[in-house]
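Spelled out, the chains give:
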Amino acid sequence: MFYPLLKTISPGGALVPVVKMISQEKMDRYGEVTGNGGIIHIDAEYCKERYPHGKTYAHGQLMLAYMSELMELNFGLPWFTSGVMDVKYIGAAHPGDTVVVGGEVRETNNLPDGLQVVCGCTITKQDGGKTTVGTCSVLLPVQ
Amino acid sequence: MKDREIVRVDEAAPIIVTKAMIRSYAQCVENLNPAYLSDEDAREAGFAAIIAPASFHGQYGYMRMAVGASNWVAKGALHTRQHFEFKQVVQSKDYLYPTVTSVRYKDKKDRPCLDYEVSIKNQRGELVCTGVMSLLLSANS
Numbered sequence: 001m002f003y004p005l006l007k008t009i010s011p012g013g014a015l016v017p018v019v020k021m022i023s024q025e026k027m028d029r030y031g032e033v034t035g036n037g038g039i040i041h042i043d044a045e046y047c048k049e050r051y052p053h054g055k056t057y058a059h060g061q062l063m064l065a066y067m068s069e070l071m072e073l074n075f076g077l078p079w080f081t082s083g084v085m086d087v088k089y090i091g092a093a094h095p096g097d098t099v100v101v102g103g104e105v106r107e108t109n110n111l112p113d114g115l116q117v118v119c120g121c122t123i124t125k126q127d128g129g130k131t132t133v134g135t136c137s138v139l140l141p142v143q
Numbered sequence: 001m002k003d004r005e006i007v008r009v010d011e012a013a014p015i016i017v018t019k020a021m022i023r024s025y026a027q028c029v030e031n032l033n034p035a036y037l038s039d040e041d042a043r044e045a046g047f048a049a050i051i052a053p054a055s056f057h058g059q060y061g062y063m064r065m066a067v068g069a070s071n072w073v074a075k076g077a078l079h080t081r082q083h084f085e086f087k088q089v090v091q092s093k094d095y096l097y098p099t100v101t102s103v104r105y106k107d108k109k110d111r112p113c114l115d116y117e118v119s120i121k122n123q124r125g126e127l128v129c130t131g132v133m134s135l136l137l138s139a140n141s
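Protein chains in written order, with this note's numbering: chain R, 1 to 143; chain V, 1 to 141.
Hints listed in this document are in silico derivations from the structure and should not be mistaken for laboratory results. The reader is advised that the hints may include incorrect statements.
30 Å max Cα-Cα, derived DSS-like pairs, lysine-lysine [as the list claims (entries may be wrong)]:
id, chain 1, residue 1, chain 2, residue 2
1, V, K93, R, K26
2, V, K19, R, K26
3, R, K88, V, K108
4, V, K106, R, K130
5, R, K7, R, K130
6, R, K7, R, K88
7, V, K93, R, K130
8, R, K55, R, K7
9, R, K7, V, K87
10, R, K130, V, K19
11, V, K93, R, K125
12, V, K87, R, K88
13, V, K93, V, K121
14, R, K26, V, K109
15, R, K130, V, K87
16, V, K87, R, K26
17, R, K7, V, K109
18, R, K26, R, K130
19, V, K121, V, K87
Pairwise CB distance ranges, derived in the manner of DEER restraints [what the hints assert, rightly or not]:
id, chain 1, residue 1, chain 2, residue 2, range
20, R, H53, V, K108, 27 to 37 Å
21, V, A45, R, Q116, 18 to 28 Å
22, V, S138, R, Q116, 31 to 41 Å
23, V, A45, R, V142, 15 to 25 Å
24, R, G91, V, R8, 37 to 47 Å
Some chain R residues close to chain V (C-beta under 8 Å, calculated; not the full set) [as the list claims (entries may be wrong)]:
id, residue
25, H41
26, A44
27, L62
Note that beta-carbon positions come from the ideal geometry of N, C-alpha and C, so glycine has one too.
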């Protein structure tokens with residue numbers, strides 16, 4: 001069930017990416033399930049009147065869930081018990097966008113409890129614009 | 001950043017994690033590991049019951065707790081930054097006990113900001129997750 005996809009861990013190595021398509025339906029569902037139903041996420045009419053692009057904004061927390069999935073897929077269960085993520089929202093995704101959630105290993109550190117892997121992670125839209133950047137780290141136990 | 005002022009500290013009502021909550025969260029973020037959906041698959045992965053994606057308690061719980069406990073998110077606030085530290089796997093039937101500390105401060109540009117600092121423990125008293133959600137408030141907040 002948890003088979004880490006990243007087999008070779010060394011600085012500069014790319015993580016196996018995650019790709020997601022954003023739709024209003026998915027955003028509505030996310031808002032409904034998590035209680036994060038801010039008007040800019042769900043009300044297309046409101047956004048049409050107020051913003052030049054006229055579109056709703058995908059939840060920042062949804063981007064964060066995708067980034068967490070990236071780490072989970074690449075590193076497996078240790079992410080659940082030692083994962084640290086620090087992200088900054090620098091752009092918006094809208095319905096109709098496709099986002100690629102990717103990253104690379106920035107550094108590895110041998111610690112008493114295992115190997116700490118620090119990754120730089122980014123969410124990029126189909127037009128190259130970035131929505132989210134951050135640092136994620138995980139501690140892999142000594143085998 | 002200067003003059004961090006604790007506005008309030010809240011202990012939100014505990015969240016009892018159910019299979020339905022985990023499944024609907026996993027489905028809405030399209031993270032469909034079978035261990036989130038079926039007890040049998042979770043057992044195969046070494047757990048007693050369905051487990052939650054790491055981002056579940058960071059988010060499902062987080063938003064409800066931060067907003068529910070403190071009972072206010074300033075209108076027009078911009079969510080600028082998020083920090084999470086995951087400590088424990090969460091399974092169905094777990095109880096999550098959150099504490100939310102709301103802290104106001106000014107950033108380097110003298111703009112008003114608010115941090116929700118959340119820590120979540122389970123029914124065994126183990127720390128499950130900590131997080132900080134940073135908001136940039138509108139000038140008149």
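We went through each hint and held it up to the structure:
For the suggested pair K93(V) and K26(R), the alpha carbons sit about 27 Å apart, so the restraint of at most 30 Å is met. At most 30 Å may separate the alpha-carbon atoms for a hinted pair to count; K19(V) and K26(R) meet this at roughly 20 Å. A distance of roughly 16 Å separates the Cα atoms of K88(R) and K108(V); the hinted pair therefore holds under the 30 Å criterion. Under the criterion of a C-alpha separation no larger than 30 Å, the hint pairing K106(V) with K130(R) is consistent with the structure, at around 26 Å.
A hinted pair counts as satisfied when its Cα atoms are at most 30 Å apart, and K7(R) with K130(R) qualifies at roughly 27 Å. With a C-alpha separation of about 28 Å, the suggested pair K7(R) and K88(R) falls inside the 30 Å cut-off, and the hint holds. For the given pair, K93(V) sits about 38 Å from K130(R) by alpha-carbon distance, which is inconsistent with the 30 Å threshold. Only pairs whose Cα atoms come within 30 Å are accepted, and K55(R) paired with K7(R) is rejected, the gap being roughly 40 Å.
Our distance criterion of 30 Å between C-alpha atoms is met by K7(R) and K87(V), whose separation comes to about 24 Å. Taken as a hint, the K130(R) and K19(V) pair is broken in the structure, with Cα atoms around 34 Å apart against an allowance of 30 Å. For the proposed pair K93(V) and K125(R), the alpha carbon gap of about 37 Å is over 30 Å, so the pair is violated. At most 30 Å may separate the alpha-carbon atoms for a hinted pair to count; K87(V) and K88(R) meet this at roughly 21 Å.
Annotation: proposed proximity of K93(V) to K121(V) holds, straight-line Cα distance about 14 Å (limit 30 Å). Of the pairs offered as hints, the one joining K26(R) and K109(V) is violated, with about 36 Å between alpha carbons and a cut-off of 30 Å exceeded. Among the hinted pairs, K130(R) with K87(V) is consistent with the structure: their alpha-carbon atoms are about 29 Å apart, no more than 30 Å. With a C-alpha separation of about 28 Å, the suggested pairing of K87(V) with K26(R) holds against the 30 Å cut-off.
Taking the CA atoms of K7(R) and K109(V), the gap is about 44 Å. The hint is violated against a cut of 30 Å. The hinted pair formed by K26(R) and K130(R) meets the criterion: a straight-line CA distance of about 20 Å does not exceed 30 Å. For a cut-off of 30 Å, the pair hint linking K121(V) to K87(V) stands: about 10 Å separates their Cα positions. In this structure, H53(R) and K108(V) meet the distance hint of 27 to 37 Å, their C-beta atoms being roughly 29 Å apart.
For A45(V) and Q116(R), the hinted distance range of 18 to 28 Å is satisfied, since their beta carbons lie about 24 Å from each other. S138(V) and Q116(R) have their C-beta atoms about 39 Å apart, which keeps the hinted 31 to 41 Å range intact. The hinted window of 15 to 25 Å between A45(V) and V142(R) holds, with their beta carbons roughly 21 Å apart. Hint check: G91(R) to R8(V), Cβ distance near 32 Å, so the stated range 37 to 47 Å is violated.
For the restraint placing H41(R) at the interface with chain V, the shortest Cβ-Cβ distance is roughly 11 Å, beyond the 8 Å limit, so the hint is violated. A hinted interface residue such as A44(R) counts as satisfied when its beta carbon comes closer than 8 Å to some beta carbon of chain V; here the least separation is about 19 Å, so the hint is violated. For L62(R), the suggested interface contact is upheld, since its CB lies about 7 Å from the closest CB of chain V, less than 8 Å.
Of the numbered hints listed earlier, those contradicted by the structure are 7, 8, 10, 11, 14, 17, 24, 25 and 26.
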